[in-house]
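> Those protein sequences? They're chains A and B, same order as listed.
Using UniProt numbering, you'd call the opening residue of the first sequence number 1 and step up by one each time.
Using UniProt numbering, you'd call the opening residue of the second sequence number 1 and step up by one each time.
Simulated from the structure, these hints should not be mistaken for laboratory data.
Here the structure is a predicted model, which means the values were calculated and not measured.
Some hints could be false.
Now the in silico label distances, taken between C-beta atoms and shown as ranges [what the hints assert, rightly or not]:
| id | chain 1 | residue 1 | chain 2 | residue 2 | range |
| --- | --- | --- | --- | --- | --- |
| 1 | B | 402 | A | 154 | 15 to 21 Å |
| 2 | A | 154 | B | 579 | 55 to 61 Å |
| 3 | B | 255 | A | 193 | 15 to 21 Å |
| 4 | A | 162 | B | 32 | 34 to 40 Å |
| 5 | A | 267 | B | 195 | 55 to 61 Å |
| 6 | A | 56 | B | 57 | 49 to 55 Å |
| 7 | B | 87 | A | 205 | 21 to 27 Å |
| 8 | B | 214 | A | 264 | 46 to 52 Å |
Here are some chain A residues pointing at chain B (derived, C-beta under 8 Å) [to be verified]:
| id | residue |
| --- | --- |
| 9 | 55 |
| 10 | 161 |
| 11 | 163 |
| 12 | 266 |
A virtual CB, placed ideally from N, CA and C, is assigned to each residue, including glycine.
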Amino acid sequence: MNPVQSQQDATRRDGSGAETDRPPLAVVGSQISQDEELFGRAFDPWVIKRFMAYLAPYKRQLLIGLGCVLAFTLTQLTLPLLVRATIDHALADGADDLSLLQIFVVAFLGVVVLNYAANHFMETLIGKTAQRLLFDLRRAMYAHLQVVSLSFMDRTEVGRLMSRLQGDVNALQEFLESSIFAIGDLVLLVGIVIVLLSLDPALGGLTLSVLPLLLLVRIIWLPLARKAFMRAREASSTTNAALAENVHGIRAIQELRREAVNFELFEEKARENLDAHLAASRYTNVMVPIVDTLTGSAMAIVILIGGSMVLDNTLDVGVMVAFLFYVQRFFDPIRSLTLQYSIMQRAMAAGQRIFEVMDVEVEVQDAPDAEDPAEIDGAIEFRDVTFGYERGNPILRNITFKVQPGETVALVGPTGSGKTSTTALVHRFYDVWEGEVLVGGRDVRAVTQDSLGRHIAMVLQEPFLFSATIEENIRYAKTGSTRAQVEDAATAVGAHDFIMRLENGYDTMLDQRGSNLSLGQRQLISFARALLADAKILVLDEATASIDSYTELEIQRALARLLKDRTAMVIAHRLATIRGADRIIVLEGGEIVEQGSHDALMASGGLYARLYRMNYASFDDIPADEVAKAIASGERET
Amino acid sequence: MAPAPDTAKRLDTQVDGAYSIDVSNVDATVLMRITAMAFRHRWRMSVAVLTTILGGLFQLMVPQYLGQAVDQAQGLLRDAAAGVSDQSAAESALLTSALLLLGAAILRGVFTMMHNYQGEAVGQLIGYRLRLDYYRQLQRLSLSWHDRVHTGDLMTRGILDIEGVRLWVDTGILRSVLLTVLIGGGAVVLFRNDPVLACVALSFVPIVGIRASIARLKLRDTWILMQDKMSELTNVMEENLGGIRVVRAFAAQAFELGRYDRISEEALTIASRRVRLFVLSTTQMTFVYFLAMGLTLWVGGAKVAAGEISLGQLTEALAFMLILQMPVRQIGWMINSIARASTCGGRLFNVIDLEPSIADKPGAGDLVLTEGVVRFENVDFSYPSWAKDDRTLAGIDLEARPGKMIGIVGPPGSGKTTIAQLLGRYYDVTGGRITVDGQDIRDVTLASLRDTVAIVQQEPFLFTASIDHNVAYGDPWAGRSSIERSAQTAQLHNYIKALPNDYETLVGERGVSLSGGQRQRLSIARAILPDAKLLVLDDSTAAIDAATERRIRESLKDYTKERGVIVIAHRLSSLMHADEIVFLEAGRIVERGDHDSLMAAGGRYAQLYELQARTGAEPKTGAEPKTGGAS
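The shape of chain B in the complex, shown without the other chains:
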């Protein structure tokens, strides 16, 4: 894992870690950090840098041999005119130059190949490393953090930002080395030949450099703007297409197109600005470069005419400039890539450096299960201020043990779901403690705790995979028979058997689409497959009709004999059979007891019961289950 640089650990509860990314100051740090990551691949990076230098040096030799050959050809011509010619000596000199040139070209090619390959390899290795770090980090960060960030944003970081960082090894680090060698080495050679000519030939370098750094800053700004606009446009399109029925129902196409056009126009304006900025900088750089070449021809020509330098030396200067043509053009790409790498790296490290607020204590051991008793001992809880959630819990005492069912009911916002969140330690209590067989859940590993507590959510996420993969998600080692048994318990087996590929049928976008109730049943099957000690159903039967729910409860009997069950629901028929029912209001338990005693007490529970009977939301909730239902 890439180490965080210097600053104190930032917890994932910090809002800035999730939302805004200020990259204006982190520039240099980010680039240093990527460079450090690159040099961790010591061997490859050394080879890459070395071959870059060697490739550059051999490339520099090419103009020298060219100049030498021109001088040989011309010089011998003069000798011939003077009558001191030795034709065969001249030709062998030419042959030597040709062979040396060929040799230099081949070596340059081989070294450049190695430089390119190793550069790319290091980049890919960094990408690989970052990808794994990022993936693992997403797994580690607490759900409260995930709730606050946009999934699209996380995907952009995981795909485009990693790409931006990866590319920098070659386009940023190695290309700078190459450019330095070419310009530096060329300068030495040129100055040795003729200082004045060298100055003229290299006059474009500082101008290009200044131009490049100005363009770099501007391009980075527009890069960020453009990214934002495009993701806005994506959101608009995605929502429109997803909600196309609403759009049609209200004949809102014109409005929708207007919304699209506004953002699209803005994006186009930024895109045009980018083109303008980019073109301006690259073409000006090329222009300055060619101007310098013209000047070289002029000054050099005059010097040749004056006999100060040879024609070969002029050829050499010009050929050298020719070599620089591509790299100079690439400066445009280089600055773009630096801008990109620092932006992308900033965004990426921002996530990777976060510390999950919920994590194992140092040296935490696994939970040791004896009886399987889960206890809330005078638990207080309030969400941290960033969560913008004012629900609290106060003085909660609860005990769940195998064979016992607890029902939790209460108005919306009374804290029912919070109890489930605390049980899985997705948040930490702010007062009191939660224990499993006497061990505070903050003192044991998260892994062992979550193995012990299975929570079923109201809106389950199903994976785009076959049904058996989905049922066995929590225990991928499970055999077919236990998968089927779980599905049977969740009253889903018959439905699955009727599907074209039964358990191998795909669910999700490309497969069958399940109704809300079926999804909830699948998530119940998924939760009971691993051997957890406590099952928490967090409003996870709301979309299942009362009769099917009754059947599920019947078939869960064996399972619940050895396990505790906590049912959170607003439909009383889901939990009226519980051994203990607690009524939550504003985070406090205001009533507790079994159904009969609560009804007899005539308190809030009894009122709710009346209310449900009256709204008719449920048919005859009081009716006892008829034997077996159907089949």
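Chain A with its partners taken away, still in its complex shape:
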């Protein structure tokens, strides 16, 4: 949270009453603050080094591109010199030789053609290479995110990753493109200086005296301007965040009638955005007359001093003309070069963030000699497993149990007891700290992750569907399946009928996250997906939200179909599912406290029986204080 904002909130809460018509508790989108560095150091060797690795495949293109930039710059430098030569040699008094003029003009045209070729190749090569590099970089980061450990994905928001994949990658592309042109600018600047000094050292020196002034002004101006630019950037991002809130939360906004209040608050943000951009614009434009005055002065020097020198016959008039041409080109490279500084700072900050992501360790990796068994028997075994997400804070402690092939085991326990972690270990989403997890008799670390994916089907609590057709979603686990197989799976879980009722049947495109289907329908599709995967082992996290009884009934039926002939580990919430399991394992505080069938557990009168008798729909919903009481009463009894 932005400290300034929280301060403002605090003062508003105090009811200081300074702003009377403003509600004390109203913000729009402001709490999504920018807590990321926009600018880093201008030069970060580490980032550059990493970046270079991505440049390597394009070394040739970049070198050629650079060569073109130099050629382009040199041709630009040559043109005024040719004008000068024309004036002084072909048009000088007494030199009435038109053939000389023709030679110079042909030379001029030759340089123009060169300039065009260099320009064309430079822009094409650099533009395309930078684009390709941008795509490479994004692809590399995206591919890395496919394999990094889930614990990293768990603690990183999708939005944040997206801004790496988009904004930060773009910043590096901009950096690459502008750097190459910046080299051209630098060469142009140095070239102009050298040419002027060699044409006439005295006049050159005098004319160039405005250059340091220009640089000085620019150096004083830059830090001031940057502050204004950053304010503008910040204002943009908070305004856009407020807009995003208006888009995403429109239902709640209309229902709770916040339109007027929000509009007023948004107007303030938009106003600040306007002011900030106008301030930034003032900084940009104040440079214009300064630059024009300085270039004007340089030209005036050329006219006055150079003109006198021409009069004194110590300077050719063509040189004076060439000077006038060069002076007009002074400022362009200086402007680009000073802007380059900010671009570099931004790129370094972006690069830092990108390579940080790329460096996130891939904790779970296939062993070099990992097996890829074609068939397994479906047994699951935990041997003395201890596991957690942070050092020193184990979530599971010394867990040992075995699930026989074909058996259905329900995991039960209050929130935080370690059920989800247990199922995640079966699929080797994480590696255990101690002990081992065996699937089909093999340690999960001794087989490939691909094989685990093939032999274990998972159904998550929130059915996650992709924006694709229903068919593609069902076929997700087995992309090679035929339409008939997809339909069979859907029929088996009872989803076929409602799918056929949709306008385009199996070809119906699902909206974002399948929001055009009901929750129950989404669940049935995720069941069909798991069924089609046809794995020996099923890991299922039952949904907690209750659905209407009709769909519920279908889901129960589908579940029974799904569990048939499979080893299943179910995080169960429905009492029906729990009662239907072959065995119930009760977890509490990361340890197994009891296990057995429903009847046996009820008879033993332990934690399960006490929780069950509390009459909640799901054990997860039991308030913490009641769970504590149930556990405590168990401890008293023993």
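Chain B: place on chain A using the hints.
The following block gives chain B in isolation, referenced to the frame of chain A:
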């Protein structure tokens, strides 16, 4: 608000307003409209145009003084050779030229600064205006419209499209003025000096112009293509990262990367095509320009040699061309910006011009509350054809009054949620009417109606803000005590108190993540905080367990004494205590009565009750609440 141009009002029920955007024909209209918006800032725009012209004119003077100085230097040289030299007169002439040049340069700088600043200011003001209009328009458009459009699309319009329109004031309007002044004014000066040389010097202008307009059309097409591809790529990445567990669970990384690569390759192809098109047009323009300069040197050189023009005049022509170098290069950007502005403007106005299908009648007054009786009188409803929703309601009669609770139950698709939608007037009835204290809800203001009816949705949206902001969302003036009271009623207070910053804890991405049940409880607290007369719980306790729900119901008793409550649910324990329960099927009420009478009747309600008992979805639904639960 920017006025819609000419066409008849388009309602937000029209599909084309939401999905496809056909910009091929609206080009000129859109650009005219943006121009009109710019000229609404009369004072600033006049200054901008005037300073653009003045800046251009002073810039044109620079080559003239340069040429003059060259002639002075050379002419005096000849005089000197002829022995009629007057050194001091020559130097003072040079001094005059130098000072005039400096003056012109400074004035050019000052005017250009003003032109740039005012141009940007007008652009920013337009952006500001559009941003507000757009924001308000999103608030006004009906939920049915919002349901049909992609949020990402709306964000693109609100950010990139506004930017595209804004930039056009400077890069489009003012730059065209500047270019016209520079080329036009330069042409006058050059023609006065020597018509032939002028023609040669300006020969590049028509070629560049033609080239530019061809490139413009192509670039616009690729611009649209590129936008589409990039948003497709964004979707793929976002979904993959959001559903990473599913991806891993099915070991689908290879498949996912394949999907990504396919779109990424396509995008790269388009991006390369854009580069090629863009480079081709800009470099060719520069080439033609330099060629013309070479020709000028040739023709001009020959003329100088022949004594037809002075060296100064040639210098002037060349210096003038030099001035044009940047603007000519910028033509590439200009055409890009025109393409962008017409596309962006088209997309933006498309939304801004929509008329919400649900709006206040002209002269509608506020709802006058007397008893607080809400009535459905023989209500029929069917969704408009675009909604692709065949659920209907027929002949619905209902009466909700303070102190009374109505339960609505029925199979999925029977129209339960539609009833809630109609109550908040998110759709209008197609037959019959809904009244509040005798007033048809279509005759009163939406604001007063929605103040009266509070609806809690099944999947509530929480704002990325602290919990107290969220609870007080509907009544931001609320004090802490009433916020806490609402949270207590919704059985959330104890949980909040246990959080690190209790009521100031952030919820959402950067804060605590709430479970489905907690989110629903928070949205109940949010709904009961403002003083509404009718509370509608639209399946909004599904994720809350039965015991907690019972406690919420207990603590709501005081609140419901003076208010009507409509509970829509599929879990019978949520509504079996209602004074009246209606059973909906295919949009009709097939049974109504209280729990006991419906059970006795042995109809659909009784069957559903049996069904729920059997599936065991709910533990012992019939059990009466035990006293107080815990604590």
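> Which hints, by number, does the structure contradict?
1, 2, 3, 9 and 11
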